[in-house]
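Asks: Protein chains in written order, with this note's numbering: chain U, 1 to 505; chain Z, 506 to 861; chain E, 862 to 1217.
Simulated from the structure, these hints should not be mistaken for laboratory data. Check each hint, because a few of them may be wrong.
To be verified - Simulated crosslink set (SDA-like; lysine to any residue; CA at most 20 Å straight-line):
no. : chain 1 : residue 1 : chain 2 : residue 2
1   : Z       : K747      : U       : V367
2   : E       : K1023     : E       : E1180
3   : U       : K198      : U       : R180
4   : U       : K364      : Z       : T699
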Amino acid sequence: MYAVEMKNITKQYPLVLALDHVDFALKKGEIHSLLGENGAGKSTLMKVLYGICRPDEGTIIVNGKQVDLKKPKQAIDLGIGMVHQHFMLTPVMSVTENIVVGCEPVRGVIFDKASAQRQVQEMIDRYGFQIQADQKVKELSVGEQQKVEILKAIYRNAKILILDEPTAVLTPQEVEELFRILRELKKAGTSITIITHKLKETLEVADTVSVLRDGRMIQSDISTKGVTTEELAQMMVGREVELGICRKTQSVGKVRLNVKEITLREKEKTVLDKISFQLKEGEILGIAGIEGNGQTELIECLTGIRKADVSLIEKDGEKLEGAPGDFISRKVGHIPEDRMTRGLVLELSVRDNLILGYQKLFQKNGVMNRRRIREFTENLLKEYGIKAPNISVKCSSLSGGNQQKIVIARVFSEDPDVLIVAQPTRGVDIGAIEYIHERLLKLRDEGKAILLISADLDEVKNLSDRLMVMYDGRIVAEGLPEQFDDMHLGLLMTGAAGREGLQYE
Amino acid sequence: MSEKKAKLTAKIIIEKYMSVVALILALILGGIIIFVCGYNPFEAYASIFEGAFIGKTAICQTLIQATPLIFAGLAYVVAKRVNLINLGIEGQLYMGALGASLVALMPVSLPTPVLIVSALISAMLFGGLYAGLVGAMKVKFGSNEVIATMMLNTIAQNFISYMVNYPLKEEGKTLAQTRLFDETAWLPKLVNGTQLTIGILAAAAVCIGVKLIFDRTRLGYESRCVGLSIPASETAGIKIGKVMIIAMLISGAISGLLGGTHVLGSDHRLIADFSSGYGFDGIAVAALAGDSPIAVILSGIIFGALRAGCMVLNRTTGIPTEFIDVIQACIILLVAAPLLVKDILRIGKRRGGRKA
Amino acid sequence: MKKKKVTALFLAVCVAASMAGCGGSDNSSTSENSDGAVKVGIIFGTGGLGDKNFNDMAYEGITRAEEELGIEFDYVEPESVSDFVSYGRQFAETGEYDLLIGVGQDMEEAMVETAKEFPDQKISVIDSSSDLEEISSIQTEWSEQTFLAGVIAGLGTLSDMKYANDANVIGVILGQDQPGLREGLVGFSAGAKYVNPDVEVLEGVVGDFGDPGRAKEVALSMYNKDVDFIQCIAGAGGLGIFSAAKETGAYAFGVGTNQNSEEPDYIPASSIRDVSSMVYNEVQKVIDGTWETGLHISGIKEGAVDCVTEGSNVVLPDEIQTAVDEIRQQLKSGELTPCSNADELEQWTAENQYQS
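Extracted from the complex, chain U is given alone in its bound form (with noise of 0.2 Å):
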């Protein structure tokens, strides 16, 4: 018996085919894991599935009845809940007001707050949440907020629960938490697709897997039992693919970046606390932490965007200041951690956003040398295998892993000493990743000095020489990345553990 079946669903957009007759079916109690490289669709065929965009062809069976969704609200009434990856929660309502808006209960004419919460809190206690029905959402950690969303969908009745790239942002903790209850709900009979790209989590929470690829779907309905991460990988991507890759540097040199007691306090409150490193020659150095634990503001100063309070920082023994213009000619490479905002200027074309942040170099006297633009940028499409029909397409039109390309490709061709590189995988799919990770070792190797910020455990641990964690403002942590067990490095990023007093040499 199918909770969803979805027959021969094509989605064209003005550029892509987005979806190519594709079919999908849920089963009623199932856990199954919609599995897909970025831009392979499966957003898309879930959005479908929600009422937020219509297919051109296509149909859909809801509970056996066959339906027509124009928009969200009929997918609630149907009993189909959705958590997006960005959450859609009001940060100064209450956890209540969150959970219960477009369907609050009321007495009379008006909102009936005491029963909402108790309401509420119910299901809090019932599923074991540490949360208060009458917390402002701004107090949650993303994890709380992800649980939030959930309860959202449960109390709109959801027998059908999607969770788009839920456990992205979660520490490994929190994502023990999650699994332990979409397992729950699964028990209580509610059907449940995950969209992913982690192999590792879909095989250990899934019962079923469908991979999608270029809107195509490649296999539907495997059993989780049996299969390994490669060859879900392989399906994925389409050829072999190496995983987990980890070479360790061979010849650490002379210090290139020195940071000195970066402080920087807002509103009264430390952001960042006395932040000192030294970055060297031929080391990739990780930072792992949670999101909004100092990393934007850290790279914010390390970068010019920000001045600290109180910061010295030298790059080979020379003070380095100004603005950002300034650390990008003394070579100081950038890779932003939100590429759509800060990396890439998604309304411009691939070939102005190749040059972005160095078109100092291609100009003479103010005039732009235009041959020299498209020679130099259509090398590095070849070189870095961007995929883009040609130069002058908009960024926006390009997959997660494209447009991260691009911002690589044109930090790493300006051969800069010291990179600053923040979240370089986010959101970008397995292939792209594989080559990213390869292409970050490599400029390692012929000596740059690399700074890793990111939120990905598995990223950090697998590329680092050595690793700090950071927490609250603080670095709580610093060490060789195997001398951290997962479980360590969750209590260290949460705070739970005290100061470590594991020392790098």
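Guided by the hints, dock chains Z and E onto chain U, whose structure is given.
Replies: Chains Z and E alone, transformed into the frame defined by chain U:
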């Protein structure tokens, strides 16, 4: 499949030629309004067309009316490039007119080309600095450029009014205006017996110039980045404040040219309140042009044609010239609300489809 | 979808309704030029119709001519002074119009340019005071406009009227120190001295036509110097003077249109200028074949200026009313010509005295 493809291409075409669709819809809407007001829309449009395009005088009149509109539209486009809304074109053009007049009224005799070029440079300086002031205020103090430019409009207009009522007033006359400029300071005419001067060529040339700056220079590149994403520009080391101020300077200088060419080419003297709101008409021109400097030339000519046509319409049918403002408003509404246009088209299509 | 349709419809209705509201002025003269009928083109000033002033008065004159003289007319309302020439040319080019009227002094230059290009076209400019061979300039005699108000003031200040005091002092307030207005001042003084040779006439200048506040201050200080009658020649400043009169308990004379109803208890009369008959008379002249270029100053005789008491609650003593009527007859018959030059006033007074 081929049907679907056709549907898709139709969609792309509509999106690409949004402006044309909006223009046509606005004209239809205008026709309905004419009809509601008790006039014959077909007669009216025929009359407009005749007044705008039939005969030498009509074409000249179209171009005369287009000249200030092209400048104004371009000034708006330039500021819009860095995502600033320049509502101060009106004030800047008054300052530009003053700048040109001061040079033209100088009691020295210079050869025509020298005099005109220096008067226009002065116009650009006056207009540019007046707009640059807003840019600087925005960058240094974070003041809202929309409000600042609007306020400065009133100041400029009253200042010019003061200047022509007192220090620069023609002696012994009652009108609030300066004396007639010497003929050496008049812009040369393109067509004798009309008011069409080389101003229209200057306007087109400036549009092309701006297009080249946009496409070929580092400034153009950086202003596009700033206009589309401030965080990304900041990260890329672009000096955002500098780019914004320069864009405002250029926008103001173009407005100044509007004022300068107008006083030197059309009135031959500075008159209080001479502008009929060209600065604001520029917004409509820019909207129709989809913020492209080259399209501004075409868009300016279209609006100029409507204006020229309406002058005849006013005389022969009594439909008030304000009708132009109605069409202009319709165009802005429709261009600014592409979704509305799509809805209107969809309503039309669905109705057709159901009947079939 | 339905909701959107309704919204769209609502919008359209709103636009249409607002259009109908402002475009309501009907123009009944669009018909073909039937044989024989005189056809007149009229170009209004930039204020446009609905200004409750110059343009509206001119419109009244041309419609009266349409009704009474059976002429046809077309009109235009330019948005900018720069369009005057274009409109003039458009009218003249057709060759259909027997007369072209420009309303307002600022039309003069454009009309001369048109006349040079189309020498056969008859063109009149209302309120122009230049004697030109190309066009007919229609001006009124300022000194005749204020003369009768002067007579009332000269006799009134000696009378036992409610607010008249013992002192033999009256005054005039000018908006700005301009030659035309000075003639009005002299005319008023001459009128007063014609009936009361010893009367003292004070003068004040506001320096602005649009500042009632300042005008009031000037008037109050004048009333404080024992003035009991003031003639305003100060545009909108007049309203301030009337309010000063009410506050003090004194008299003021209106100017231009009949302003008596503004403060009927304190305004005994207004020195009016009838723009509508200036327009009407020009049309009449074309029909009669007496139209010619040059400066035409009309006065009481032609009915272009006068002193009216309608609408005022102030009751003039019989002897004053009789004197006013008699002197009006003297002016109309040409028996008496008012003095318009301040230097000649003394001698004029010595030569001309009213004998009741």
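Asks: Please list, smallest to largest, the hint numbers that this structure does not respect.
Replies: 4
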